[in-house]
Amino acid sequence: MTDISTRPTQQGAVEARLARRYRSEARFRAAGLGAIFIAVTILVILVGSIGHQSLPAYTVNELRLNVELSEDLVDPLGDASEDSIRAGSFTRVLQNAMREEFPDVSNRRELRELFQLFNSLNAPQLMNEVLEDPNLIGQQHAFRMPLADDLDLYLKGRLVEETSARFNTPLDITSDGRGVLLRAQDPVFTDRLSSLRITIENDITAEQAARDRLVEQQALAQDEEAEDLGVQVSFADRRISALQAQLDGDELTLRDDMPSLIVESRGGFYKLTTVSIDGLAARAEQVVPPLTDANTDRSNWVLRIVETPEARGRASDNQLIWTRALVERNIIRTTFNGYFFNNADSREPELAGVRGALFGSILTLIITVILSVPVGVSAAIYLEEFAPKNPITDMIEVNINNLAAVPSIVFGILGLSVFITLFGLPRSAPLTAGVVLSLMTLPTIIIATRAALKAVPPSIRQAAMGVGASSTQTVFHHVLPLAAPGILTGAIIGISRALGETAPLLMIGMVAFIADVPSLSLEGMTEPATVLPVQVFLWYDAAERAFQPRAAAAIMVLLFLIISFNALAIYLRHKFERRW
Amino acid sequence: MSSITKTKLKVRDVNVFYGEKQALKNVNIDIADGSVTSFIGPSGCGKSTFLRCLNRMNDTIDEARVTGSIIMDEEEINDRRLDPVVLRARVGMVFQKPNPFPKSIFDNVAYGPRIHGLASTREELEEIVENSLVKAGLWNEVSDRLDDPGTSLSGGQQQRLVIARAIAVNPEVILMDEPCSALDPIATARIEELIDELRENYCIIIVTHSMQQAARVSQQTAFFHLGELVEVGPTETIFTNPRDQRTQDYIMGRFG
Ligand SMILES: Nc1ncnc2c1ncn2[C@@H]1O[C@H](COP(=O)(O)OP(=O)(O)OP(=O)(O)O)[C@@H](O)[C@H]1O
Ligand SMILES: [Mg+2]
Chain A
3 MTDISTRPTQ QGAVEARLAR RYRSEARFRA AGLGAIFIAV TILVILVGSI
53 GHQSLPAYTV NELRLNVELS EDLVDPLGDA SEDSIRAGSF TRVLQNAMRE
103 EFPDVSNRRE LRELFQLFNS LNAPQLMNEV LEDPNLIGQQ HAFRMPLADD
153 LDLYLKGRLV EETSARFNTP LDITSDGRGV LLRAQDPVFT DRLSSLRITI
203 ENDITAEQAA RDRLVEQQAL AQDEEAEDLG VQVSFADRRI SALQAQLDGD
253 ELTLRDDMPS LIVESRGGFY KLTTVSIDGL AARAEQVVPP LTDANTDRSN
303 WVLRIVETPE ARGRASDNQL IWTRALVERN IIRTTFNGYF FNNADSREPE
353 LAGVRGALFG SILTLIITVI LSVPVGVSAA IYLEEFAPKN PITDMIEVNI
403 NNLAAVPSIV FGILGLSVFI TLFGLPRSAP LTAGVVLSLM TLPTIIIATR
453 AALKAVPPSI RQAAMGVGAS STQTVFHHVL PLAAPGILTG AIIGISRALG
503 ETAPLLMIGM VAFIADVPSL SLEGMTEPAT VLPVQVFLWY DAAERAFQPR
553 AAAAIMVLLF LIISFNALAI YLRHKFERRW
Chain B
5 MSSITKTKLK VRDVNVFYGE KQALKNVNID IADGSVTSFI GPSGCGKSTF
55 LRCLNRMNDT IDEARVTGSI IMDEEEINDR RLDPVVLRAR VGMVFQKPNP
105 FPKSIFDNVA YGPRIHGLAS TREELEEIVE NSLVKAGLWN EVSDRLDDPG
155 TSLSGGQQQR LVIARAIAVN PEVILMDEPC SALDPIATAR IEELIDELRE
205 NYCIIIVTHS MQQAARVSQQ TAFFHLGELV EVGPTETIFT NPRDQRTQDY
255 IMGRFG
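Which chain is which? The protein sequence lines are A and B, in order.
Under my numbering, the first residue of the first sequence carries the number 3, and numbering increases by one thereafter.
Under my numbering, the first residue of the second sequence carries the number 5, and numbering increases by one thereafter.
Keep in mind that the hints were calculated from the coordinates and are not lab data.
Since we're looking at a predicted model, the values are computed, not measured.
Where hints are given, some of them may not hold.
Stated by the list, open to error - Here's a subset of chain A near chain B, in silico, CB distances under 7 Å, partners left out:
| id | residue |
| --- | --- |
| 1 | A457 |
| 2 | S461 |
| 3 | A465 |
| 4 | G468 |
| 5 | V469 |
| 6 | G470 |
| 7 | S472 |
| 8 | T474 |
By construction, the Cβ of each residue, glycine as well, lies at the ideal position given by its N, Cα and C atoms.
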């Protein structure tokens with residue numbers, strides 16, 4: 003028996019320990035919470051930033067033009083036959099519709115810029131519409147197509163930095179021989195003047211520094227070289243004095259490498275060329291004429307400042323102005339981006355869609371599931387429940403575990419050299435991709451299934467054996483149903499990993515550019531296709547900036563798919579889970 | 005009484021090895037039909053091992069090896085050629101921890117008859133299930149909720165469900181490995197009552213750590229010690245007048 007006298011000290015020791023235990027438990031809990039917090043934060047940041055990047059991809063600015071389907075352009079043979087329509091020049095039809103919007107545009111360079119507001123790849127779509135309904139020939143037809151990608155980004159505020167200010171002071175617009183003269187009663191342009199001056203002053207400083215270097219070099223150089231440098235110095239001097247003259251003169255000239263100033267008044271658009279030093283007046287080029295019948299208020303006008311100089315931009319100022327004018331006229335409208343969800347890949351971002359890759363992924367996944375789940379589950383059941391314990395099965399087990407750790411690209415190389423070269427499976431087809439991915443998924447499924455089978459309590463096996471079930475019956479009637487949720491989870495984890503896999507698919511040629519949506523059929527399995535992760539890879543790599551939000555949106559589609567997969571896994575788990 | 009009973013199981017020179025280790029040494033015993041035989045002995049002496057020999061459950065343990073002869077009704081059952089599945093339909097087993105299938109009460113009892121094809125129609129199957137539950141003394145408690153999961157019953161009810169499941173295939177022998185060790189005295193009494201009722205029609209073998217239980221339910225008792233069958237005889241004799249010193253020590257609570 004415990005000695006009574008030792009009890010209090012024992013009590014004290016227990017209490018001391020207890021306090022320590024509580025502290026360590028609290029520490030552990032805090033650490034766990036912290037870890038979860040960090041993980042969730044990173045996840046939110048990750049998904050949030052991709053989601054934010056992807057936002058421009060879900061809407062599109064659409065041009066809705068009333069095109070004149072004149073017979074001579076659309077039906078050159080005059081018989082409304084398919085051949086005749088196919089020979090029609092639909093690009094011209096679209097170009098004419100644009101010219102009609104801006105009849106003042108006449109010089110070739112400007113016309114070319116104007117026609118860049120849409121992509122000529124839209125012409126076949128118009129042709130298809132006419133082929134479908136030849137009655138349209140000779141009629142007006144409302145045609146919808148996406149605005150060119152860069153201008154689309156411009157309207158979404160992602161192409162150039164732009165600020166605009168609305169004014170309520172009267173602005174007189176008169177034209178003389180040299181262009182248009184804008185004159186206000188208040189110094190409306192002064193704000194910009196100072197920053198323009200700073201630009202010029204900076205330029206002078208830079209030129210001066212360059213000139214000083216030249217002079218230094220000249221001092222060290224000999225004969226001809228010195229003479230050469232002397233010429234350069236004099237050129238620099240001339241540039242500096244020209245700049246200085248600008249600062250000292252009574253107007254500043256806006257150069258191509260400076261921000262552009264655009265005035266928008268009564269439906270007309272003017273691009274400023276010079277600004278008077280008092281900030282009251284400016285000279286401008288009229289890009290879009292004002293509406294003649296408009297008696298809109300001349301004291302209500304907008305000054306737009308495109309901070310990105312035209313020289314560095316991906317669209318000219320004129321294109322930005324035409325785009326704005328079309329928005330004003332309600333010809334450009336923002337809608338849900340159906341192109342992105344209905345089209346396959348395209349060289350033109352505004353026409354590129356995710357559907358091709360999505361269907362490619364689905365086809366690939368079907369093959370992967372058909373091959374890897376039955377084979378993986380059967381192999382696991384055999385190994386776990388029936389295989390005799392001997393060195394051979396031990397070897398197999400070790401190798402399956404090793405296989406799960408093999409880098410996925412190795413499976414790609416295997417697919418290339420064995421399935422494509424040796425067995426002659428088609429390159430870049432969902433069939434081949436599915437086979438390669440199922441090889442990759444198999445070990446995961448086998449390991450997960452074995453773990454699920456092992457987790458079934460032995461008492462269930464004994465119970466079944468005890469009433470005379472054979473081992474096959476025991477496995478299929480009792481063990482497997484209990485292991486099913488675990489097997490399912492494992493299979494879905496393996497498969498959603500396969501869904502996001504890129505490297506092995508690059509090896510088997512899935513990087514090909516595929517402009518058709520594959521058919522969800524047996525034929526589709528052997529036709530070239532691409533898959534979502536590869537599509538993301540291709541788009542992020544593309545030169546056009548408008549592909550970036552589309553790549554992010556494709557990631558969102560992929561994430562959505564994977565999350566629905568996991569949700570399905572959780573649902574099935576709950577549905578089939580039984581306690582014992 | 006002993007003159008009427010006939011021998012159900014005749015066990016001769018049975019040795020069991022787990023790998024190198026010998027768990028049972030030269031066991032010889034005759035077990036009578038229509039009666040209850042209890043196995044007692046200290047922990048680890050081989051009672052469960054021996055029970056498993058009788059329905060070949062040792063086959064499911066990879067390293068177990070059984071030698072010797074076990075004859076049930078003139079038939080050698082410790083024979084590789086005999087299908088253990090057939091044997092287990094004739095020798096049912098109840099385990100220490102109730103282990104109903106995670107299925108409905110009905111399916112638990114119906115499973116054996118189903119796989120052995122004992123019923124050809126749904127009505128026959130229902131009849132078998134009802135009879136088994138009645139025999140196991142569970143019918144009144146579950147008749148209105150046969151579709152509930154078997155795992156939703158209490159421990160004592162689960163153990164009776166498991167007994168019903170064992171008798172549903174109409175076995176000749178029922179092996180029970182410490183069937184009451186997880187139960188309270190009332191549930192234990194209920195099971196003991198049940199064993200007594202079942203005795204007439206079955207050959208029942210029960211492993212128990214409770215001397216009182218062995219004395220209450222069994223007609224014959226066997227004492228195992230360190231893998232040896234030390235002594236076997238009518239229960240009364242074993243408890244009142246054991247021949248072997250070790251039996252006496254065990255019964256007196258001097259070890260074990
Ligand atoms: N699967 C096994 N593998 C190896 N040794 C085993 C195995 N099962 C039992 N043994 C050994 O065989 C011996 C007898 O075990 P058994 O389970 O038959 O004892 P028991 O009499 O039922 O004991 P208890 O009363 O505690 O249940 C023990 O020493 C045990 O360690
Ligand atoms: Mg035991």
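Problem set entry | Violated constraints from the hint list, given by number and in increasing order | 1 and 8
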